[in-house]
Amino acid sequence: MAFAHVKLTSRSNLGCGMQQKHDVSQLVEGLAETVGITVRPQWRDGVGAHFEAIASAAAEAATLTLDEAAEPAWHFEA
Amino acid sequence: MHLDPLLGTTAEIIEAVRLREVSALDMAKLAIAAAEAVNPRINAFTEITAERALKEADTIDTRIVAGEPVRPLAGLPYAVKNLFDIEGVTTRAGSKINRDNPPAVADAALVARMKAAGALLIGALNMDEYAYGFTGTNEHDGDVRNPHDPRRMTGGSSAGAGAAVAAGVVPMALGSDTNGSIRVPASFCGTFGLKATYGRFSRVGAFPFVTSFDHVGPLARSARGLAVIHDAIAGFDPTDPVSVRHPLMSCQAALEEGVDGLRIAVAGGWFRQNATAQALAAVDRAARTLGVERDVELPETRKARLAAYVLTASEGGARHLGRLRERPEDFEAETRNRLIAGSLVPSAWAMQAQRVRRWYHEQVLKIFDEVDAVLTPTTPFSAPEFGTETISIDGETLPLEPNIGLYTQPFSFIGLPAVSVPVWLEGEKLPLGVQIVTAPWREDIALRIADVLEREGVAEARVAMME
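Protein chains in written order, with my numbering: chain A, 344 to 421; chain B, -10 to 456.
Calculated from the structure, these hints are not laboratory results.
Treat the hints loosely; a few may be bogus.
Claimed, not checked - Per label pair, the in silico range of CB-to-CB distance:
{"#": "1", "chain 1": "A", "residue 1": "VAL378", "chain 2": "B", "residue 2": "GLY250", "range": "52 to 58 Å"}
{"#": "2", "chain 1": "A", "residue 1": "ASP410", "chain 2": "B", "residue 2": "PRO91", "range": "45 to 51 Å"}
{"#": "3", "chain 1": "A", "residue 1": "ARG383", "chain 2": "B", "residue 2": "SER381", "range": "31 to 37 Å"}
{"#": "4", "chain 1": "A", "residue 1": "GLU414", "chain 2": "B", "residue 2": "PRO227", "range": "23 to 29 Å"}
{"#": "5", "chain 1": "A", "residue 1": "GLN385", "chain 2": "B", "residue 2": "ASP284", "range": "46 to 52 Å"}
{"#": "6", "chain 1": "B", "residue 1": "GLU359", "chain 2": "A", "residue 2": "TRP417", "range": "24 to 30 Å"}
Heads up, the beta-carbon is just placed ideally off N, CA and C, and yes, glycines get one too.
The following block holds chain B by itself, in its conformation from the complex:
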């Protein structure tokens, strides 16, 4: 266990509470104090739910003292992106408009599962407005700042989740990922992040953006932490229309298998273009460690990504049509303009994009007949400074924000599981994510690879040393 209990990993904290080396109440108090101390510098939290956390902790400690079976996440502090319903708290979804809604009457499904598993909710986390962004900027609640360098972006839209975990306030957080919104902040903030198979985690009570793309899931400071959370909260939910009753396996148990026998490849083509040398070096370092010698190419990924862009705009615009009619001035200007444009998309464009989607899904699944996992960069570059509008790669100047999700969007488009692991290249002061993508329902394989990279010292979620 780390000298500071809060800086332990998810698995270490749970073990320490189970062995009564530290109480759940102490863990809650430490996390609340850390959130209050650090938040003025990183702006990760929009709400600190201290009263609830202390109450949950007291319940856990009482049960442990009474000798009741210890729950799988007992005493684990965590926080959630503020699009998850928290009973008694208004769900902002990063917006000004939604804060006029009444407080949620019940927890979101995953928050309820975290509570049932014994975790302690410390607060709600800042995000891009309505999850439509990759930068972690927010005009209503202020920008989230990267704990490794507060002049830089966290990435989004689960910006506060990346920042809170990287700053050592909580060992894990829940975010959502429509086009990369778990994996991008994981890359920029240097945490592990899991976007599971579409339908694996219940989204009930999480404010939607593009429902046919929306995933929810954890960011954590270790691969094992992701596995522990997966095992505790994944599974079928009959109240989520896209939830799938698919057999669950223990990802924690799977970690013991290592990577022997796995067929792993590096993605070429699209996934080697428009990336900085550092992003490619991070992938190559992971590949060398794993003994990967094979490349694969995913066909027509550029067109797939453009189709995803059309559908995101169209579904997102349709989602917000009522608010665009009634309160357009209360959106951030950029969000409003994008959503209005999306609401005007002809159905023929969206229909063609859906046809491309099915075709691309079929082509990519064929690749997983040949390999078990594919490695790509998570983002083309590390966390940019605030105010950066373009990025220069290979002598070409590209607009920044549309290119942040180059490598994440193709996989949320077709619902495949992906884990982002943080890599620190020698001499670099910022982390970069390497994305591990597998066939549907094989989160266990992605986590096995992530765990080996962590044990080999290639992947590391450093806690930011904030002065």
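So that you can see chain A by itself, here it is in the shape it has in the complex:
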């Protein structure tokens, strides 16, 4: 499949080794509150679906084996 959308389930791996303790809508709501965004009830499913898609993408990107010293692609130049 060209673009994976992995449905997260309770205690599933949320990409990069992070473990999910709550369902995604609760997780998203809690994170959003932390950064000062209000997620209205009718938006939860949509935001949650996108967060799952990002988590899935991040998890697959994390499977690329890189050297410990592999640098991120920054654009800052001193």
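Using the hints, position chain B against chain A.
Leaving out everything else, chain B in the frame of chain A:
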């Protein structure tokens, strides 16, 4: 010169104005009239800047009559995606929220360069909200419709740019490309499109989306038109933090070299998967014409694209955090949901994506030690009808929108130059883009190949016959 001056190419129009076969004022009036006549059917323009265009045209004509040197784009009508600042006009960036901002106090850098080169600004163009989309749909300003078939999408996010050029309203337009937003509408609308090397064109005064991916550049009805525009407006801008002081070459002059001696390959692997037979046939037709016999494979492109997806969401979400806090109801629902999700991405995910990015960049650059250019489809399919949510390829049903940028996103991810050329396969009623990708700063090579494909009759930007 075409019987209708407005339907000439960029180079033809400039030459006609220079030779005083047509005045700049006539060109401005023709383009304004065309925009007003066609816009109700394609919804490409959000603003027609008639007064400004007429004033700019008058200045050009006065200078030409006075015998002053003719500027490189003298009398050329054009329009810009409405994320570019236009002095005196509010910069919408496709949004409801930004239209509450005051009018821009100055032109964006590229608009200023177009003006200095003698071009005539006809208006601002519709786009996906905040450039976060590939379809050309917009709840605030209405959907942009494809001039070749108004039931179909233009592609996005430079949707109005693709539509206005394909409809023959303007010979060229400026758009932006974060993950494919110049090349996708070029493919769906059948125009040429140039996403130059990251840092080649100044982005100052263009409303940002994902700054580490954001490019700006032209769509036009010919490869030479792209070269003319490149030569007129590319170059270092000390006020753009990512602008690079890299030597500029004349792309117009380079076109005379043709493709003899160039090492061109077709991209295999990822770039042959999930495409319709027509998209692959378009690439193969271009390859046959160019005598290409070699394939190359870009490693781990799927993971690179997923990393690009993570970074787009993360940087985009961070960009809009304030607006998501204060005016979430004023976003389109889909844009808001995506941006909120992106604003919550843990930094470890983004950091890994940046590590993948550097690695992928290094791997792809090695390929350009062996070849000068790589051909891929621009999009996996031609313009879908509005309301299409899935696409069937090789018996597999895939979600439409996430797959439109399959082949464009990997190259904006690492800043490589790419030109999309329009190909009309025999019997097909819609165009498809073929993407030509080169090493950094070698826009000249991509444009040489595009120009040869055009001269050989493989690439053609047809003006839509709108009834």
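Verification of the hints:
1. VAL378/A / GLY250/B: 52 to 58 Å: Between VAL378/A and GLY250/B, where Cβ atoms are some 54 Å apart, the hint holds.
2. ASP410/A / PRO91/B: 45 to 51 Å: Given about 50 Å between the Cβ atoms, the range holds.
3. ARG383/A / SER381/B: 31 to 37 Å: Given a distance of about 35 Å, which is inside 31 to 37 Å, the answer is holds.
4. GLU414/A / PRO227/B: 23 to 29 Å: holds, 26 Å
5. GLN385/A / ASP284/B: 46 to 52 Å: holds, 49 Å
6. GLU359/B / TRP417/A: 24 to 30 Å: holds, 28 Å
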